[in-house]
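Sequences listed follow chains A and B, in order. Numbering that gives the first Met the number 0 applies: residue 0 is where the first sequence begins, and numbers increase by one. Numbering that gives the first Met the number 0 applies: residue 0 is where the second sequence begins, and numbers increase by one.
Rather than coming from a laboratory, the hints here were simulated on the basis of the structure. Hints are not guaranteed to be accurate.
The list makes no distinction among identical chains, and a pair is therefore deemed to hold if it is satisfied within one copy or across any two copies.
Said to hold, decoys possible - Cut-off 16 Å, straight-line C-alpha distance, at most; resulting in silico cross-link-like pairs (EDC-like, lysine to aspartate or glutamate): (1) 225 to 170; (2) 94 to 58; (3) 113 to 29.
Since this is a predicted model, take the numbers as computed values, not measurements.
Protein chains: 2
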Amino acid sequence: MNKIPSSASKLSFERPLVTVDVVIFAIQNEQFTVLLTRRPAVSSDPFPGLWALPGGFLDVLQDHTLLDCAIRKLKDKTGVETSYLEQLGSWGGDKRDPRGWSVTQAYFALINVKQEIDQKQVRGSTETAWFAVDDALRKRLAFDHTQILSAAIDRVRSKVEYTSLPAFLMEEAFTLPQLQRVYEVVLGRPMDKSAFRRRMLDADFLEAVGLIDGSLGRSAMGYRIKNRVTAVTFPRTFRASE
Amino acid sequence: MNKIPSSASKLSFERPLVTVDVVIFAIQNEQFTVLLTRRPAVSSDPFPGLWALPGGFLDVLQDHTLLDCAIRKLKDKTGVETSYLEQLGSWGGDKRDPRGWSVTQAYFALINVKQEIDQKQVRGSTETAWFAVDDALRKRLAFDHTQILSAAIDRVRSKVEYTSLPAFLMEEAFTLPQLQRVYEVVLGRPMDKSAFRRRMLDADFLEAVGLIDGSLGRSAMGYRIKNRVTAVTFPRTFRASE
Numbered sequence: 000m001n002k003i004p005s006s007a008s009k010l011s012f013e014r015p016l017v018t019v020d021v022v023i024f025a026i027q028n029e030q031f032t033v034l035l036t037r038r039p040a041v042s043s044d045p046f047p048g049l050w051a052l053p054g055g056f057l058d059v060l061q062d063h064t065l066l067d068c069a070i071r072k073l074k075d076k077t078g079v080e081t082s083y084l085e086q087l088g089s090w091g092g093d094k095r096d097p098r099g100w101s102v103t104q105a106y107f108a109l110i111n112v113k114q115e116i117d118q119k120q121v122r123g124s125t126e127t128a129w130f131a132v133d134d135a136l137r138k139r140l141a142f143d144h145t146q147i148l149s150a151a152i153d154r155v156r157s158k159v160e161y162t163s164l165p166a167f168l169m170e171e172a173f174t175l176p177q178l179q180r181v182y183e184v185v186l187g188r189p190m191d192k193s194a195f196r197r198r199m200l201d202a203d204f205l206e207a208v209g210l211i212d213g214s215l216g217r218s219a220m221g222y223r224i225k226n227r228v229t230a231v232t233f234p235r236t237f238r239a240s241e
Numbered sequence: 000m001n002k003i004p005s006s007a008s009k010l011s012f013e014r015p016l017v018t019v020d021v022v023i024f025a026i027q028n029e030q031f032t033v034l035l036t037r038r039p040a041v042s043s044d045p046f047p048g049l050w051a052l053p054g055g056f057l058d059v060l061q062d063h064t065l066l067d068c069a070i071r072k073l074k075d076k077t078g079v080e081t082s083y084l085e086q087l088g089s090w091g092g093d094k095r096d097p098r099g100w101s102v103t104q105a106y107f108a109l110i111n112v113k114q115e116i117d118q119k120q121v122r123g124s125t126e127t128a129w130f131a132v133d134d135a136l137r138k139r140l141a142f143d144h145t146q147i148l149s150a151a152i153d154r155v156r157s158k159v160e161y162t163s164l165p166a167f168l169m170e171e172a173f174t175l176p177q178l179q180r181v182y183e184v185v186l187g188r189p190m191d192k193s194a195f196r197r198r199m200l201d202a203d204f205l206e207a208v209g210l211i212d213g214s215l216g217r218s219a220m221g222y223r224i225k226n227r228v229t230a231v232t233f234p235r236t237f238r239a240s241e
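Bound conformation, chain A alone (with noise of 0.2 Å):
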């Protein structure tokens, strides 16, 4: 059984199941909410008619990188074309799926759910729904979908303390206001207003356009995200919660 097969032969190895999963979080209803696909109900699929994360096999035809798996897999979901996209890990064994030896790449993406087009018309037809995320981790997921998204919400909570992440949730142009709210949803907890204030605008990521519609009908100075490439971390200074 040790004996290092060559090269040759290994490439004839049985070869595992390989998916990608993607953790969809947006903010819904002031509520932290993450999207759920059912399981079709057709008994020789595994976990029929369980909730899942949304994903699939990787299509070594169609798609060139992981990356680009995943990109497909949120678009397919809720039509979302450009979000935050983060490779959150990998989980693989030979008893997470009942088809045989199995690892699935999870990413986690944030999006405006403004960008969400008509469920009706996203590819296939599946149902899909959206939870808050207390709601979706007390529920029986397929696979171990419970497990990763557990981990996926531990990721975004502790970035959130220290990065610009939960901007992307938002539809721009957002008051500080309303970006306050949205740390507070993610987090769970309030935050003190001047102190949030002073370091989102001193962590630079924020660019100003002009007056726009605030809460309560009032006026205030809109804001976009600079880059929207990739999340800014903050100077330790600057930390949200400090």
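Use these hints to put chain B onto chain A, whose structure you have.
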């Protein structure tokens, strides 16, 4: 092309090659080093004769999980069975391996080099050697291994700032000045002695084991890691470099 195939036809899709690579770090001669292995000089194999990260194909019969596979690769190359091992990320695409669509799951390991068994006893006949990380980065490595190595170095250096990670590079028992020296070697800069001492002890991950021989032949308190399962994340006020 965009029609969603049924589950059965998806299972007959071409599957990518799946590998696991391990970036193995150790301190040697006061240098932060990484283990590389030379690709066989067989022209039918990709990147013949180039240095590469240790790793190879997942074996669906032998490995029950991705982590099992990483542990097996680490043991094959070093003889080490336990060490700090952390998932780094996945790199996958149709261009990274001339043999076809390929995805690798990269891990990094921190070992103390005294754990290493004689290289002649290590299975396989491939040449392996330790390189200072900066020298390794300047080499032409096989596949996208320079990118993976670079990501691993960044991860370790950023974690060194706020975790007990470097302790896993040390043979036990060790003194606090020896531990400080390892932090300094990984980070590439000196640290304040009394602040370092206080922070390490306050972080409560070390256990005193009695006097041992320290630097310059003087006795000093020896320590070992209380819990080898995982690294301790320091509270912000205890961070090593503050």
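Pop the pair residue 225 and residue 170 into one bin, within, between, both or neither, using alpha-carbon distances up to 16 Å. within (14 Å within a copy, 48 Å between copies)
Can you give me the call for residue 113 and residue 29, within, between, both or neither, at a CA distance of at most 16 Å? Classified as within; 14 Å inside a copy, 55 Å across copies.
With 16 Å as the alpha-carbon cut-off, assign the pair residue 94 and residue 58 to within, between, both or neither. between (22 Å within a copy, 14 Å between copies)
Against the hints set out earlier in the document, no violation occurs for any number.
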